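There are 4 protein chains.
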Amino acid sequence: MTTTAPTDSAARFELAHMAHAELYTPDLEGSLWFFTQLLGMRETGRQQGSVYLRCYEDPYHHSLKLTERDQPGLGNIGWRTTSADALERRAAALDAAGLGLGWTQGDLGVGRTFAFQSPDGHPMELVWDVEKYRAPVELQSRILTRRSKRPLQGLPPRRLDHVNLMASDVTVQKELFEQTLGFGTRERVVDGAGGGTEIGAWMSVNVLGHEMAIMRDQTGSKGRLHHLAFWYGVPQHNSDAAELCREYGIQIEAGPDVHGITQGAFLYVFEPGGNRIELFGNSGILQFEPDHETVTWDLSDFDTGLAIGGGTLPAETYFVYGTPGTDGQDKLLDGWKDRDLV
Amino acid sequence: MTTTAPTDSAARFELAHMAHAELYTPDLEGSLWFFTQLLGMRETGRQQGSVYLRCYEDPYHHSLKLTERDQPGLGNIGWRTTSADALERRAAALDAAGLGLGWTQGDLGVGRTFAFQSPDGHPMELVWDVEKYRAPVELQSRILTRRSKRPLQGLPPRRLDHVNLMASDVTVQKELFEQTLGFGTRERVVDGAGGGTEIGAWMSVNVLGHEMAIMRDQTGSKGRLHHLAFWYGVPQHNSDAAELCREYGIQIEAGPDVHGITQGAFLYVFEPGGNRIELFGNSGILQFEPDHETVTWDLSDFDTGLAIGGGTLPAETYFVYGTPGTDGQDKLLDGWKDRDLV
Amino acid sequence: MTTTAPTDSAARFELAHMAHAELYTPDLEGSLWFFTQLLGMRETGRQQGSVYLRCYEDPYHHSLKLTERDQPGLGNIGWRTTSADALERRAAALDAAGLGLGWTQGDLGVGRTFAFQSPDGHPMELVWDVEKYRAPVELQSRILTRRSKRPLQGLPPRRLDHVNLMASDVTVQKELFEQTLGFGTRERVVDGAGGGTEIGAWMSVNVLGHEMAIMRDQTGSKGRLHHLAFWYGVPQHNSDAAELCREYGIQIEAGPDVHGITQGAFLYVFEPGGNRIELFGNSGILQFEPDHETVTWDLSDFDTGLAIGGGTLPAETYFVYGTPGTDGQDKLLDGWKDRDLV
Amino acid sequence: MTTTAPTDSAARFELAHMAHAELYTPDLEGSLWFFTQLLGMRETGRQQGSVYLRCYEDPYHHSLKLTERDQPGLGNIGWRTTSADALERRAAALDAAGLGLGWTQGDLGVGRTFAFQSPDGHPMELVWDVEKYRAPVELQSRILTRRSKRPLQGLPPRRLDHVNLMASDVTVQKELFEQTLGFGTRERVVDGAGGGTEIGAWMSVNVLGHEMAIMRDQTGSKGRLHHLAFWYGVPQHNSDAAELCREYGIQIEAGPDVHGITQGAFLYVFEPGGNRIELFGNSGILQFEPDHETVTWDLSDFDTGLAIGGGTLPAETYFVYGTPGTDGQDKLLDGWKDRDLV
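Residue numbers (this note's numbering), protein chains in the order written: chain A, 2 to 343; chain B, 2 to 343; chain C, 2 to 343; chain D, 2 to 343.
Please note that a few of the clues may not be correct.
Same chains, same names: a pair is fine if it fits in one copy or spans any two.
Stated by the list, open to error - Derived DMTMM-like pairs: lysine to aspartate or glutamate, alpha-carbon spacing no greater than 25 Å straight-line:
#1 223 x 44
#2 223 x 121
#3 223 x 86
#4 133 x 299
#5 223 x 176
#6 133 x 317
#7 133 x 89
It is worth saying that the hints were derived from the structure and are not from the lab. Fair warning: this is a prediction, and the values are worked out from it, not measured in the lab.
From just these sequences and the hints, can you work out the full model?
Shown next as structure tokens:
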């Protein structure tokens, strides 16, 4: 059986966590309404048409950058290393793997980064130098580990949690992240009837059940985003969020329910730009074992993996819809275009 | 617009609440396992093959009687009146409506009752004399409004909550209960495309959003049970119950989610005898207005009515499966017969 | 043992529920910030310096009227009857009891009322004609029993729930409400060491565990308000509210915890005007029995009555602070005057 | 400002997590009742008078060993390293620090360990070889990351979470764990009036807000236990646990509420043997930053640190009671000796 975090890998302990993400949106105003008015995220900057946002417990300048584009999709994922040296070592390893794109000047609140792409072409970067967020006096919290007051606007998640990527080949994607960046694969789904093809993998560089998931893109597309997730940590908040989405015309795809895989409390919605967003209502299973073995789900026993309750994941969207869309996919969301923004 | 609780009706304020229910089960041992081991109900008596159970906050001797029969289904629903005189008046009214079956000697913990049937044939009775439950010393709670200690076994609901009946004609059933027994109709669903046919009604004799629901039986059968519901009142407990049902092989039909209709937090499962049981995780909307108007949902806008979140009610079971089953219906539950009872 | 809702009382079934309340505040701006920004209530009118507010599921024009005065305190409590005739009958009964003050022209959204005072002088009125709230299109909810959309501002309670009055003589106050207005006394606390003096009573005209509580005023004052309560119905929301109060400088007195008495999930805070407000995170025990006996707590076994968890009610405020304050009482809140309103 | 996890320390990344703990109890039967009947832990072995228990998601043979002794207290804490080599390196470092006690043969389900003591004398060990728990078929969960089915008995926590130690000198204790074992100090409390004396520190080897806390022992005793904590992760479960403790006569010291420090949802109770047990209802703040700075609370601003809500920590027990007790301390729990075990 596979050991997910080989104790002898040079890549182990080199990445700390996901620090920021960029989403493209064809409806910047609508997306901003969703993230700031319904999810209560606060704006921390604007530059060249992009808007920078953070949740109230996110540690850095921003966790989400929204950029207007013709098509929704993933603009970037930034992984923070555990040290400055680790950044250099992982950059070299990515170059050796043929995936490095080179050093960048960074961004608002982000220093020098090493850009790379996943085997499937997802845009990513590694970073060490980041600007820690310091709240102005009126936003400082009496709860000292909280980087800013909990907002009174909307139903605010506490931080950026994880990303789920669709990939043309799950195994290739997974092995690169294991070997080059030290990810441990906590769980995977295998299609036994399909000769053991991996159709999903849930990976982490720390005790979280996953910070990155990879799911097979049934359309055969490459480099698409399945969803970006924000963390409430409190199950009730997923129910509250579902209610607000229902009230304000944000399309709910599935949930609230709890996945068997990762034990994550999920609510999937589509933000007005078309990207799927997950709201995460617990911490899922935390994995402390240093020599944890990857848990393997067979497709034939997958129902518990998808949902512990009766919540089903709609096959017509969940397993095929990603961003950017493929031809015709934008119609999947047509019924919801007349949302009630107040 | 209809006024649900006409201020001049002689039937108003005559019924207090649902006091007890009887279920038939072809698998008494399995049903008992479910109600006592998973739901933590306590047995308070056995007589002639029936077992009497109560939740820890139920006020009377029992709230549920389980009786072995070839087919699952509803054995009885007992409504308690607001006074001894009200019982006499309502018995006379039922006789006048041609639905009275006559007086009975009662049952364990239940005095003289007036038996009747709904227009569709559902067996019911009215009662005034009941035995209040008095816990033995070791089960007495320090919380004085609690009739017995919260059990340490399973995930115990607090009390019997409501019943949902399938009916061949919703309107006929509804009007009898409004006019003869003083029920207010809080909400109803109308099939506008079907010329305004009522396909569902939610009724109450007190501030609860519903103590009885009536839904159209699409199979054309008469007198069947849709579900019996038990109350947690705490949303998290519905998630906990879903997890336990998943762990121990009890089939989950739908939920946890929240209906738009009644705003009730639902989890539907099938107990081993085949009856659908709802676990109710909040109090739903409470209706205090004495002159509340019935809220009407049109079938074309029904999705929010069914679920506020993404939880769907599976059409292949939710709208057709009832107990007793019609030919072939028992196969709907076949996949779950191998439950893991520990 | 006392039967709380005598089945032969002419007053039974005459009152439906508490419809509205008025609070005085010496800091109208601060109070408005609390009720609209933190609790997300919406303004529905202004008149003669008073501001009218409602929760998103309150059925009528308003549930709370805020009026600026030198001292905080209770301006009014409005009880709605179950019919127009019941209003006339109860007005006559109050007149006969010597407590009637006469008919009024009503208020914004409120028709003709019959004003009276409690034996201790608390200002109250009975009403039948009220204006049902009709939301403008942009505030209409898809959940049809919800009178308006759940707000995105603050942490909004769903409706006005109950009032707690301090009284110089609990028994006198209680008996008037039982005999003249048909309240049932669900629970009471008796000081056994004090010869059986009643020091608290929890009363209701419907299945709620209490819509009015009466607690002995240890300062010997008359006609003071202990607290006014708003309902979340969801336990987690009380924790969320505590966090927001802590973040934004609203003084928390006690909670979140659950009282043994009424089984109510409580959080007590002081709104900026100085009135104590309770946020209510469940529905408490619901009492369906038409012949329920009053539960009596002895002071010597009172700890479970106050709190099921470890949450204590601070003796230096909880049992003596009311509004309007007595000499020196306003200093109890001094430490919190520098709240962080954003 | 201190950086808690120096990026150049050889001790960094050497410890994985707390694997097991041993408690002494003068009332083995009572303690077993509490841990197995109320908390639903399952017994996995007995040996020489000790009983081995685990929560349903604990990864190894056991997480808790109960041993009968005259006095309650801490028998052992076992920390698992991230590799076999790390164990050797940390053993050498402990020897160099003069705290090593030598290698042991291990225990049931535990291989060779390196025993040591904290500067204050708390008994501990490091371990790499542990027996992973494999559930028998009837206890295997369909949720594959769950090592065994969620029990139907009591209100089961999911895993052992953290330990809180009382120490005669917080700083000495803290620095040893930082320098020798790679702990990061997430938060600390300093008595500014006392010249900056540290009176509390919360430390972790992973993203948890704390796996070990150290609080100043005001009695001047050495090596005592403040509490051992088990994790629910769901806030509602802390309320449920409080209710069950109240019902079954287990003394509640404080909570449910949420600490500002660690943002942990706490409930403190005393198990029948006298040890303080914390039930942990969320995950607290998770700390992902590799270069996180220690957050410092001043004693003068400590109230939010202790509790976000109104829940106070009783000074007469919380800051002085530990196990084993000092003279007279056992009387603190006298009032609760007559618990109602059913």
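Now the hints, each set against the structure:
1. 223 x 44: neither (31 Å within a copy, 50 Å between copies)
2. 223 x 121: within (6 Å within a copy, 58 Å between copies)
3. 223 x 86: This pair counts as neither: shortest intra-copy Cα distance 32 Å, inter-copy 41 Å.
4. 133 x 299: Only across copies: residue 133 and residue 299 sit 22 Å apart there, 42 Å inside one copy, limit 25 Å.
5. 223 x 176: Close inside one copy (17 Å), not across copies (50 Å); limit 25 Å.
6. 133 x 317: This pair counts as neither: shortest intra-copy Cα distance 41 Å, inter-copy 40 Å.
7. 133 x 89: Within. Shortest intra-copy distance 21 Å satisfies the 25 Å Cα cut-off; inter-copy 36 Å does not.
In terms of the numbered hints stated before, the structure departs from hints 1, 3 and 6, listed from lowest to highest.
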